[in-house]
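> Residue numbers (our numbering), protein chains in the order written: chain A, 62 to 321; chain B, 57 to 313.
Quick caveat, the hints were computed from the structure, so don't treat them as lab data.
Keep in mind that the hints are not guaranteed to be accurate.
As the list claims (entries may be wrong) - Pair ranges (Cβ atoms, derived):
{"#": "1", "chain 1": "A", "residue 1": "E70", "chain 2": "B", "residue 2": "P286", "range": "50 to 58 Å"}
{"#": "2", "chain 1": "A", "residue 1": "R151", "chain 2": "B", "residue 2": "R307", "range": "43 to 51 Å"}
{"#": "3", "chain 1": "A", "residue 1": "E70", "chain 2": "B", "residue 2": "R132", "range": "50 to 58 Å"}
We put the beta carbon where it would ideally sit given N, CA and C, even for glycine.
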Amino acid sequence: MMAGARAPEHLRRALPPIGVFVLALVAWEATVRSLGIQFYLLPAPSEIARTLAANAVLLLGAAWYTAQEALAGFSVGCGLGILVALTSVRWASVADALLPYSIAANSVPIIAFAPLAIVWFGVEQGSKVAIVAMMTFFPTMISTIRGLRSPDPAALELMRSYGASHRQVFTKLRIPAALPFIFTALKVSASLSMIGAVVGEFFGGFARSLGVYIISQTALFHTREAWGAIVVACAFGIAFYLVIAGLERLVMPWHVALRR
Amino acid sequence: MPGAAPMIAVEHVSQRFGTGAVHTVALHDISLTISVGEFVSLIGPSGCGKSTLLRIMGDLIPPTEGEVHVNGKTPREARLARDYGIVFQSPVLYDWRTVRRNVELPLEVMGFPRHEWTARADRMLRLVGLEQFRAHYPWQLSGGMQQRVSIARALAFGPPILLMDEPFGALDELTRERMNQELLAIWAQTHNTVVFVTHSIPEAVFLSSRVVALTPRPGRIERIVEIDLPYPRTAATRASPRFFALVTQVRSALREA
Numbered sequence: 062m063m064a065g066a067r068a069p070e071h072l073r074r075a076l077p078p079i080g081v082f083v084l085a086l087v088a089w090e091a092t093v094r095s096l097g098i099q100f101y102l103l104p105a106p107s108e109i110a111r112t113l114a115a116n117a118v119l120l121l122g123a124a125w126y127t128a129q130e131a132l133a134g135f136s137v138g139c140g141l142g143i144l145v146a147l148t149s150v151r152w153a154s155v156a157d158a159l160l161p162y163s164i165a166a167n168s169v170p171i172i173a174f175a176p177l178a179i180v181w182f183g184v185e186q187g188s189k190v191a192i193v194a195m196m197t198f199f200p201t202m203i204s205t206i207r208g209l210r211s212p213d214p215a216a217l218e219l220m221r222s223y224g225a226s227h228r229q230v231f232t233k234l235r236i237p238a239a240l241p242f243i244f245t246a247l248k249v250s251a252s253l254s255m256i257g258a259v260v261g262e263f264f265g266g267f268a269r270s271l272g273v274y275i276i277s278q279t280a281l282f283h284t285r286e287a288w289g290a291i292v293v294a295c296a297f298g299i300a301f302y303l304v305i306a307g308l309e310r311l312v313m314p315w316h317v318a319l320r321r
Numbered sequence: 057m058p059g060a061a062p063m064i065a066v067e068h069v070s071q072r073f074g075t076g077a078v079h080t081v082a083l084h085d086i087s088l089t090i091s092v093g094e095f096v097s098l099i100g101p102s103g104c105g106k107s108t109l110l111r112i113m114g115d116l117i118p119p120t121e122g123e124v125h126v127n128g129k130t131p132r133e134a135r136l137a138r139d140y141g142i143v144f145q146s147p148v149l150y151d152w153r154t155v156r157r158n159v160e161l162p163l164e165v166m167g168f169p170r171h172e173w174t175a176r177a178d179r180m181l182r183l184v185g186l187e188q189f190r191a192h193y194p195w196q197l198s199g200g201m202q203q204r205v206s207i208a209r210a211l212a213f214g215p216p217i218l219l220m221d222e223p224f225g226a227l228d229e230l231t232r233e234r235m236n237q238e239l240l241a242i243w244a245q246t247h248n249t250v251v252f253v254t255h256s257i258p259e260a261v262f263l264s265s266r267v268v269a270l271t272p273r274p275g276r277i278e279r280i281v282e283i284d285l286p287y288p289r290t291a292a293t294r295a296s297p298r299f300f301a302l303v304t305q306v307r308s309a310l311r312e313a
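Turn these sequences into a full structure, and let the hints steer you where they fit.
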């Protein structure tokens with residue numbers, strides 16, 4: 062009964078943003094053409110699409126290279142974030158010892174950290190992984206801590222009345238309660254990680270990576286090529302986000318339904 | 057049940073919160089014996105410490121002074137021996153578990169053999185009349201139904217004692233009266249010793265074999281009213297003159313307090 066009614070409703074909800082997207086493209090195209098804007102300042106969408114298609118193989122290769130950095134950094138950053146959160150909530154002294162440094166690490170500007178990361182982890186993928194890990198660690202840790210602390214006192218007292226072990230309190234109460242918070246953080250981090258990897262490459266990296274490609278093409282006023290790369294970077298970021306969102310549905314069907 | 061063995065013995069219990077000049081005395085020198093199979097209500101105005109007394113019995117907080125014996129053990133030993141089930145004012149069901157999996161929670165935590173979980177949970181859900189909702193999630197149920205699930209969960213592991221902390225306080229009057237009726241029907245089958253905290257006089261009188269009236273802060277026992285209405289109690293009980301007489305008696309005890 063619900064499943065039948067949901068499909069058209071999904072479509073109805075998707076229509077307005079799609080409409081805005083199409084309208085924006087049409088307006089962009091019309092503006093560029095009617096005002097005769099030079100392509101190196103702002104290329105028309107149709108031109109970007111044409112360049113993108115012509116460079117597809119090169120761009121997808123570069124994007125895959127960059128995505129690997131994003132994925133590795135995401136795994137390290139979010140993994141550590143969740144791990145530190147778990148130990149902090151289990152042992153308050155760990156939280157007291159680590160939290161100030163986590164906050165300090167979070168306030169280091171990525172622009173300042175990127176050149177150092179290259180010195181420490183090499184100009185290739187290592188430095189980008191470090192940058193992405195650094196960007197995703199903090200939001201994931203903070204959200205996870207909040208989630209692990211979200212059960213109300215009565216829910217914890219219930220566990221106490223059962224004589225539950227610390228381990229059981231985590232596996233049966235704190236972690237399931239934290240999942241919605243963790244997934245929110247992972248979705249933010251998924252988008253952040255692609256941005257972090259591209260920005261990291263601006264400071265130097267493998268020639269066939271998205272960031273280096275964008276920088277070098279822009280330097281040559283090859284704006285259409287740069288725009289193509291930006292579109293591909295966006296597409297990868299969105300795809301990454303959608304994978305996490307899909308995983309969220311799979312892991313917590315109750316929560317997705319609860320939100321509706 | 058006069059002469060029956062004591063299930064819970066509270067001896068000279070006092071409870072202070074905070075220290076020095078800012079401390080409050082929540083309970084002062086409480087002594088109370090509850091027999092096996094009794095249904096005892098603790099009643100009093102907000103802040104009289106009735107929930108605190110229940111929480112001391114359930115080893116959720118230690119008393120500042122005095123001793124409590126539960127089933128011949130300290131409250132802590134009784135808790136670890138899984139001697140009591142608790143029902144809170146809010147149902148405290150876990151959103152990510154279906155109704156049946158919520159009722160199975162204590163069985164999982166306490167290490168009951170896996171093959172027993174479903175049968176026990178289903179039996180408890182039948183007891184509270186919710187077996188057809190076992191695959192639902194808590195948020196798909198009304199407040200009264202959620203509280204019934206939490207009663208099923210508290211009874212799932214067969215504890216001799218049921219501690220209930222204003223379990224129907226958040227429900228509307230009609231639902232509450234229906235829940236009172238159902239609780240008595242469940243109790244008639246399970247024969248638990250029940251300690252029930254409430255601030256509703258008719259609820260306390262309708263349910264209990266004894267009503268303990270507490271004074272406002274610091275909480276002391278003002279009077280214990282024996283409720284001699286025969287079980288099983290029904291809607292007719294609520295309309296009987298004896299019921300009104302007992303309600304009046306409890307009310308005057310609380311007034312004097």
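> Hint by hint, say whether it matches the structure.
Going down the list of hints, with the structure as the test:
Checked against the hint of 50 to 58 Å, the C-beta distance between E70 of chain A and P286 of chain B comes to roughly 57 Å, which is consistent with it. Range check, R151 of chain A to R307 of chain B: Cβ separation about 49 Å, and the 43 to 51 Å hint holds. Restraint check, E70 of chain A to R132 of chain B: a C-beta distance of roughly 53 Å satisfies the suggested window 50 to 58 Å.
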